[in-house]
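Participant: Listed below, chain by chain, are the residues.
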Amino acid sequence: MPTTPLVKALNYWNRKLHIHIGLFLLFFIWLFACSGLLLNHSSWKFASFWEEREQTTTQTPIQLPATLDSTLVIRQVVRQLGIAGEVSEVKMTLDSVDFRVTVPGHGRNLHVDFRNGLCTQKAFRFNLWGKLRTLHTFNGASKTHPESGPNWWVTTTWVLAMDGIALGLLFLCVSSWVMWYKVRREFAWGALVLGLGLLGAGYFVFLLRMV
Amino acid sequence: MKKYYPLVRTLHLYFGLFISPFVLIFSVSVLVFNHAGFLDRLTPVKALPVEKIKLDGIPRDTSDLLTAKAIIAKLGIEGEIDFISINEDHISFPVLKPGLRTKIEVDTRTDSVRISRQEEGSLRATSYLHTMPGQHNARLRGNSIFLKIWKLMADGVVYLLLLLTASGIFLWWCLKVERRLGLAAIALGVLLFSALLLLIF
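As you go down the protein sequences, you meet chains A and B in turn.
Under our numbering, the residue at position 147 of the first sequence is numbered 147, and the numbers go up by one with no gaps.
Under our numbering, the residue at position 65 of the second sequence is numbered 65, and the numbers go up by one with no gaps.
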């Protein structure tokens, strides 16, 4: 069957983009591959982080806003302490507010007492291995309020980057199928190899829960 | 270097084809994690009818895990026991399969069992697989055959992916015509990567 110019052009760009998107994503793939291995092998001694974490507790006087609305208080406290990060686990009572401010590898649990205007900050900081692990899972998603999304612009940027990497990897997969299809006679085992991969992945995603 | 090109190309092609469906699972699950609210609106989790069963005695074993395994064996349920919550008169634990969450609640005074199921769907199945085996409950994790196999698969996929990046660099370097643009792509990637890390840390 003759190849039309359009198909030729699509094949050309498919191959070119496969090469260059792959190279563009190189460091991201290494980061997520290595941190994924760390997450799946918490027993690896060289990468232990929890025992090595640094913990500090500090108290700071805080100027509270006139209206004790949790969003206003948190915004003011974060600004006065000069910190930034993803805010989560907010618990407000009549006398106080508790919340957590997180960046990968560095978390702060804050307790603001409205009666004496003091903010108690319990911070923990991980080593490089801990930072890598938390970076892998850092997306600002709340298990209790999944619709809320991230509340720190850096988290939003990171989430967008992760989406982009995921879409890039999706493209690399599909483009590899197209590239193989072009040389399927030369690499005849490709059908079997791809079939095995599809069967394995399909079993876990679609079939396993039915058996 | 050229003499290795055919071998590296063959390995890159076959390994790449084999792991591509698994890479799809990991990629799709990233979108599922990052847009959980959207997914909930698109395909809500479906609660299936609750079953209540009375057992002829609760099988007790030497550990909580073995007891829980004996209970699900008696009930004819298979899956990964996620965690176990136990007190004087109750044992409860979720039994998970990708896309299906079954909660078993046993009243040890009456030997009655409440089984509730949630059909989570294929997209959430990918996110479950992405997080498994993971860093939590390491002592319990891998108590089902499927997760033992998945653990090996997940590790294998990552190692092969790392190998693919190395072989990909080799293959690209052999293509002289693509070198300049490739270097620009790497530089751009490094720039974005560094900028994001600087922003976060």
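It is possible that some hints are incorrect.
Covered by chain A, per the in silico footprint, the following chain B stretches (three or more residues, Cβ under 8 Å) [claimed, not checked]:
no. : stretch
1   : 13 to 24
2   : 69 to 77
3   : 107 to 115
Here are the computed lysine-lysine pairs in the DSSO-like style, where the Cα-Cα straight-line distance is at most 30 Å [stated by the list, open to error]:
no. : chain 1 : residue 1 : chain 2 : residue 2
4   : B       : Lys3      : A       : Lys182
5   : B       : Lys46     : B       : Lys103
6   : B       : Lys3      : A       : Lys143
7   : B       : Lys54     : B       : Lys74
Partial list, computed: chain A residues near chain B (C-beta under 7 Å) [unchecked claim]:
no. : residue
8   : Asn40
9   : Gly197
10  : Leu198
11  : Val205
12  : Leu207
I should point out that these hints are in silico values taken from the structure, not numbers from a laboratory.
The beta carbon of each residue, even a glycine, is placed where N, CA and C say it ideally should be.
Participant: If you take the shortest Cβ to Cβ gap from Gly197(A) to chain B, is it below 7 Å?
Facilitator: 4 Å, holds
Participant: Taking the least C-beta to C-beta distance, is Leu198(A) closer than 7 Å to chain B?
Facilitator: 5 Å, holds
Participant: Tell me if the interface restraint on Asn40(A) is satisfied: Cβ within less than 7 Å of some Cβ in chain B.
Facilitator: Where the cut-off is 7 Å and the nearest Cβ of chain B is about 6 Å from Asn40(A), the hint holds.
Participant: Three residues minimum, CB to CB under 8 Å: does the stretch 69 to 77 of chain B make the cut for coverage by chain A? Let me know.
Facilitator: violated (count 0)
Participant: Tell me if the straight-line CA distance from Lys46(B) to Lys103(B) falls inside 30 Å.
Facilitator: Since the Cα atoms of Lys46(B) and Lys103(B) sit roughly 14 Å apart, the hinted pair holds (cutoff 30 Å).
Participant: Straight-line Cα separation of Lys54(B) and Lys74(B) no greater than 30 Å?
Facilitator: 11 Å, holds
Participant: Checking one constraint from the list: CA of Lys3(B) to CA of Lys182(A), max 30 Å. Satisfied?
Facilitator: Holds, at roughly 23 Å.
Participant: Val205(A) was flagged as interface toward chain B. Is the shortest Cβ-Cβ separation under 7 Å?
Facilitator: With a minimum Cβ separation of about 5 Å from chain B (threshold 7 Å), the hint on Val205(A) holds.
Participant: Counting residues of the stretch 13 to 24 of chain B with a beta carbon closer than 8 Å to any beta carbon of chain A, are there 3 or more?
Facilitator: holds (count 11)
Participant: Under the criterion that the straight-line Cα-Cα distance not exceed 30 Å, is the pair Lys3(B), Lys143(A) satisfied?
Facilitator: 53 Å, violated
Participant: Quick check: do three or more residues in the stretch 107 to 115 of chain B have a beta carbon closer than 8 Å to a beta carbon of chain A?
Facilitator: Per the Cβ count (0), the hint is violated.
Participant: Taking 7 Å as the limit, does the beta-carbon of Leu207(A) come near enough to a beta-carbon in chain B?
Facilitator: Cβ of Leu207(A) sits 10 Å from chain B, so the hint is violated.
When each numbered hint is compared with the structure, violations occur for hints 2, 3, 6 and 12.
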